[in-house]
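What follows is each chain in one-letter form.
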Amino acid sequence: MALFTFKGGVHPDDGKKLTMDKEVIEYVPKGDLVFPLSQHIGAPAKPLVKKGDRVVVGQKIAEAGGFVSANIHSSVSGTVKAIEKRLVPGGGKVESIVVENDNLYEEIDFSKNIRPLEELYREDVIDIIREAGIVGMGGAGFPTHVKLSPKNESEIDTIIVNGAECEPYLTSDYRRMLEEPEKVVVGLKIVINLFEHARGIIAIEDNKKEAIRLLKEMTKDEEKIQVNVLKTKYPQGAERQLIYANTGRYINSKMLPADAGCIVHNVDTIISIYEAVIEGRPLISRVVTVTGDCIEDPRNFIVRLGTDYQELIDAAGGFKTEPAKVISGGPMMGKALFSLNVPVTKGSSAILALSRDAVAESEPSDCIKCGRCLEICPGRVMPSLLCDYAEAGDLEQFVKNHGMECCECGCCSYVCPAKRHLTQIISGTRKVVLAQKKG
Amino acid sequence: MDESMVMVSASPHIREARSTTSIMGDVLIALLPAAVVGIFNFGFHAYLLIMACVVGCMVFEALIQRIFGKKITVRDLSAAVTGLLIALNLPPEFPIWMALIGCAFAIIVVKQMFGGIGQNFMNPALAARCFLMISFVGSMTRFTYDGITTATPLATLKAGGSVDLLSMFLGNEAGTIGETSAAALLAGGIYLLLRRVINIRIPFFYLISFSICIFIYALTAGNMCVYDAGIFLAAHLLGGGLILGAFFMATDYATSPITAAGKVVYGVLLGVLTFILRIFGASAEGVSYAIIISNLLVPLIEMCTKPKAFGAGFESKPLSENRGFVDKKEEKDKESTMRVTVAICIIGLVAGLALGTVYFVTKGPIEKTAEKNKQASYEKVFPEAEEFVSAEDISMDTANARIEELGASGVTLDEIVYAKSGGETAGYIVIVTTHEGYAGDIQMALGVDLNGVITGLTMLSIGETTNLGMEARDDPSFAAQYVGKPVDSFTVVKTEPANENEIKAISGATITSNAVTNAVNTALLYIHDMLGGAGNE
Numbered sequence: 001m002a003l004f005t006f007k008g009g010v011h012p013d014d015g016k017k018l019t020m021d022k023e024v025i026e027y028v029p030k031g032d033l034v035f036p037l038s039q040h041i042g043a044p045a046k047p048l049v050k051k052g053d054r055v056v057v058g059q060k061i062a063e064a065g066g067f068v069s070a071n072i073h074s075s076v077s078g079t080v081k082a083i084e085k086r087l088v089p090g091g092g093k094v095e096s097i098v099v100e101n102d103n104l105y106e107e108i109d110f111s112k113n114i115r116p117l118e119e120l121y122r123e124d125v126i127d128i129i130r131e132a133g134i135v136g137m138g139g140a141g142f143p144t145h146v147k148l149s150p151k152n153e154s155e156i157d158t159i160i161v162n163g164a165e166c167e168p169y170l171t172s173d174y175r176r177m178l179e180e181p182e183k184v185v186v187g188l189k190i191v192i193n194l195f196e197h198a199r200g201i202i203a204i205e206d207n208k209k210e211a212i213r214l215l216k217e218m219t220k221d222e223e224k225i226q227v228n229v230l231k232t233k234y235p236q237g238a239e240r241q242l243i244y245a246n247t248g249r250y251i252n253s254k255m256l257p258a259d260a261g262c263i264v265h266n267v268d269t270i271i272s273i274y275e276a277v278i279e280g281r282p283l284i285s286r287v288v289t290v291t292g293d294c295i296e297d298p299r300n301f302i303v304r305l306g307t308d309y310q311e312l313i314d315a316a317g318g319f320k321t322e323p324a325k326v327i328s329g330g331p332m333m334g335k336a337l338f339s340l341n342v343p344v345t346k347g348s349s350a351i352l353a354l355s356r357d358a359v360a361e362s363e364p365s366d367c368i369k370c371g372r373c374l375e376i377c378p379g380r381v382m383p384s385l386l387c388d389y390a391e392a393g394d395l396e397q398f399v400k401n402h403g404m405e406c407c408e409c410g411c412c413s414y415v416c417p418a419k420r421h422l423t424q425i426i427s428g429t430r431k432v433v434l435a436q437k438k439g
Numbered sequence: 001m002d003e004s005m006v007m008v009s010a011s012p013h014i015r016e017a018r019s020t021t022s023i024m025g026d027v028l029i030a031l032l033p034a035a036v037v038g039i040f041n042f043g044f045h046a047y048l049l050i051m052a053c054v055v056g057c058m059v060f061e062a063l064i065q066r067i068f069g070k071k072i073t074v075r076d077l078s079a080a081v082t083g084l085l086i087a088l089n090l091p092p093e094f095p096i097w098m099a100l101i102g103c104a105f106a107i108i109v110v111k112q113m114f115g116g117i118g119q120n121f122m123n124p125a126l127a128a129r130c131f132l133m134i135s136f137v138g139s140m141t142r143f144t145y146d147g148i149t150t151a152t153p154l155a156t157l158k159a160g161g162s163v164d165l166l167s168m169f170l171g172n173e174a175g176t177i178g179e180t181s182a183a184a185l186l187a188g189g190i191y192l193l194l195r196r197v198i199n200i201r202i203p204f205f206y207l208i209s210f211s212i213c214i215f216i217y218a219l220t221a222g223n224m225c226v227y228d229a230g231i232f233l234a235a236h237l238l239g240g241g242l243i244l245g246a247f248f249m250a251t252d253y254a255t256s257p258i259t260a261a262g263k264v265v266y267g268v269l270l271g272v273l274t275f276i277l278r279i280f281g282a283s284a285e286g287v288s289y290a291i292i293i294s295n296l297l298v299p300l301i302e303m304c305t306k307p308k309a310f311g312a313g314f315e316s317k318p319l320s321e322n323r324g325f326v327d328k329k330e331e332k333d334k335e336s337t338m339r340v341t342v343a344i345c346i347i348g349l350v351a352g353l354a355l356g357t358v359y360f361v362t363k364g365p366i367e368k369t370a371e372k373n374k375q376a377s378y379e380k381v382f383p384e385a386e387e388f389v390s391a392e393d394i395s396m397d398t399a400n401a402r403i404e405e406l407g408a409s410g411v412t413l414d415e416i417v418y419a420k421s422g423g424e425t426a427g428y429i430v431i432v433t434t435h436e437g438y439a440g441d442i443q444m445a446l447g448v449d450l451n452g453v454i455t456g457l458t459m460l461s462i463g464e465t466t467n468l469g470m471e472a473r474d475d476p477s478f479a480a481q482y483v484g485k486p487v488d489s490f491t492v493v494k495t496e497p498a499n500e501n502e503i504k505a506i507s508g509a510t511i512t513s514n515a516v517t518n519a520v521n522t523a524l525l526y527i528h529d530m531l532g533g534a535g536n537e
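Just so you know, the sequences run in chain order A and B. Going by this note's numbering, the letters in the first sequence line up with residues 1 to 439, in that order. Going by this note's numbering, the letters in the second sequence line up with residues 1 to 537, in that order.
If you're looking for bench data, these hints aren't it; they were derived computationally from the structure. You may find that some hints are simply not true.
The following label-pair restraints were derived from C-beta to C-beta distances [stated by the list, open to error]:
hint, chain 1, residue 1, chain 2, residue 2, range
1, B, A221, A, L395, 52 to 60 Å
2, B, R196, A, E182, 39 to 47 Å
3, A, E179, B, P299, 49 to 57 Å
4, A, R122, B, S22, 51 to 59 Å
5, A, G31, B, K317, 50 to 58 Å
6, B, K317, A, E391, 29 to 37 Å
7, B, A17, A, K17, 16 to 24 Å
8, B, K363, A, L395, 53 to 61 Å
9, A, E391, B, I366, 33 to 41 Å
Covered stretches of chain B (chain A as the covering partner; in silico rule of three or more C-beta atoms under 8 Å from a C-beta of chain A) [what the hints assert, rightly or not]:
hint, region
10, 11 to 19
11, 112 to 120
Facing chain A, from chain B, some residues (calculated, C-beta under 8 Å) [what the hints assert, rightly or not]:
hint, residue
12, R201
13, Y253
14, K306
15, P307
16, A312
Glycine residues also receive a C-beta, built at the ideal position from the N, C-alpha and C atoms.
Whole structure, please, built from the sequences with the hints as guidance.
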């Protein structure tokens, strides 16, 4: 069967073999847990607790600060130690609730949250999802209840589960699909039932054969669900490319997936929806891949949100060799860390420690006009040209030549033989343009 | 983790291993087979030329960057590629000092003056080739094979001769150092394609559009059958710098479009231009000029073929128009590419028509001038006659067959003219061409009276080396040696002539002297034969 794909993209060494066959194991944190109030797109959450309060696992400790915002629940039992600015993986300092772990893990009764499925209306399900604080767990952190309430509800006909996991080194989604496929299928069915005309697609890259086999087996009797096998290449899992690959529809930077009749969910998000609706559990944990050639024992952990990165690295045996670069997320779009004392957030998919930093090793030189960046650009813009405009400060031409359509996937910087920092310069310029628009 | 040692930078954090240096290295590797075949074919001097150009270009680049106070980037090997390409585009016996001038022009003027790598508007190696062609036309068009000066297969083809396809494929032919072996060049081209250094679009559309043009031309204007047209096409594909140009020079990054559609347009343009230049141009070769002209159009082509951003314009369309292949097959937007292709073709056609018009407008005056010049030279070689009438009763085919029977070779009789004085034929003028000149053909006019004695000799067209072979035209005392001597044939000597039938060679140009003498002897042979050996009575 022909594979589903898009035009462009790159094939970096995927490094997934380090953790592909490592079962997800639970890590129970020992130290303090930190809950940043802003780990999603939109308004920060408002704290519901104050210093000195005792909290238990599953307790809502901060509530959404608006419609586009999300609740935050404690993943641990203990005492609120402080509400202060703390460093987050993105590099900034964010107001956070710090809970001192009493190591008892006393839970609220999740069964109280469970309501029989047949009694639930569309609004009730979305309410449960909002209450559980679920956001897109692929990295962007868009609140899921907002995604599920599009203006053109009746036009939504495709729900896509993003199992592409095209970022190198990441294996958390793969392990989840392998170990909890029924949660993926049921979670998807819950979402499909929210829309009258919707069908479901589970999209998986063809390097995850076992997950494809398993999910095809499980959905063979499901009329409304199909498993699409995607060509393995980066950025197959990028929202716009994923929608195009699966449906042939286009969305650009000014559109939402719903404008093309689609809603896309990460595997972790779908499982969280399942856990919220069926098990009554709010979003308090996620799977994190701790990997890289500097990690003694690379692993996939199911981790309570708020756990310190340093603790997770120690749980994976610590550093084998001194890393040159530690990244939160994958090597293509992840953020380089300058401190390991940051908490796991709803969007933390991986901690990657590399012994070599390719960026520091190569110095940018003159563009040789080879056109590789243009050839691979999934957004079909001309990175080298945009970069020239950006460097010349010509924002008008930058916008005119579709500079705002860049999705910052990093392919152009990756392929550039002259080692120009194309993605970095373009993404910086996009921020300038956006800031000017606002101002 | 030592936090002071860890690197922080924006994503992406990994880079492909390929670098500018590795790409240039790949191009050098791909050119290696052609260079080796060239050295093997043409000998040590070819090797010296290649080394001189490669080293020369690198030295010039380092030097000029040093002078300009720029970062020295010789290590990216791009100068080495330019040097190798220049060498492969030179005739095997080309003087090294001239080659170095070409290298300096390529690197300093074409590349560095315009901003260095990636900024040059024209392929430096080809610019150097054209520069050398204009500056040193004699040396640039003198092709030897096995030590003998011969025409290139393409020149033979243009003159209507036949060529050996197999030896053209393998490279056992005259030509520039690197262009003769299609096999070696194709091997290199395939290597570049496999290594993904170049994209197939430019060479593919170049060769395809060129083939279509040539094939149609051969079938229609050339009046050939399909088989002959195929042979003609194969000879054109294998001959000259086409393969070298299509795979190695048209694909030069800085001077070819980076857009996918632009590459197609550029390839087609190259094919059509090469066809026009080869078939209708003055010289047998057209690849370098076609590429250079197209280089200049690249910014325009790129501007017209900018890709549409992913999903551009869909925000203002209703969902029903963005149904993708769920409801219907995706419609490819080829319109803009088509438009540009058509536009470029029209530009090509207009340019071709303009060339044709200029040709027709100037044809009359040029012919008139030529006729006048002819009359002038007739008078010069037969001062006693007042009237000159073309001998229409003598068939030149028969005449040429006759001199071949008489044992002449390397010479063609072009025209016989009656020189009349008072209405009576007083002698003949023979226009004769020798193919044995140092730099190709030499045409001359020869006056012979009824006694078979030469009344005058003048060169009509000659392109020999200045101050050496050109003395045959420029030094009147050379031609004067033939005049007024009642002999059957002349021989060339290097000392002062002792006998009437001895001609003193032009110093340093024995080949030219021999060629002219042989032509004169052949003409005499024919006239004496025609006069029935009565000339000396």
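Hints the structure fails to honour: Checked against the structure, the hints that fail are numbers 9, 12, while the rest are satisfied.
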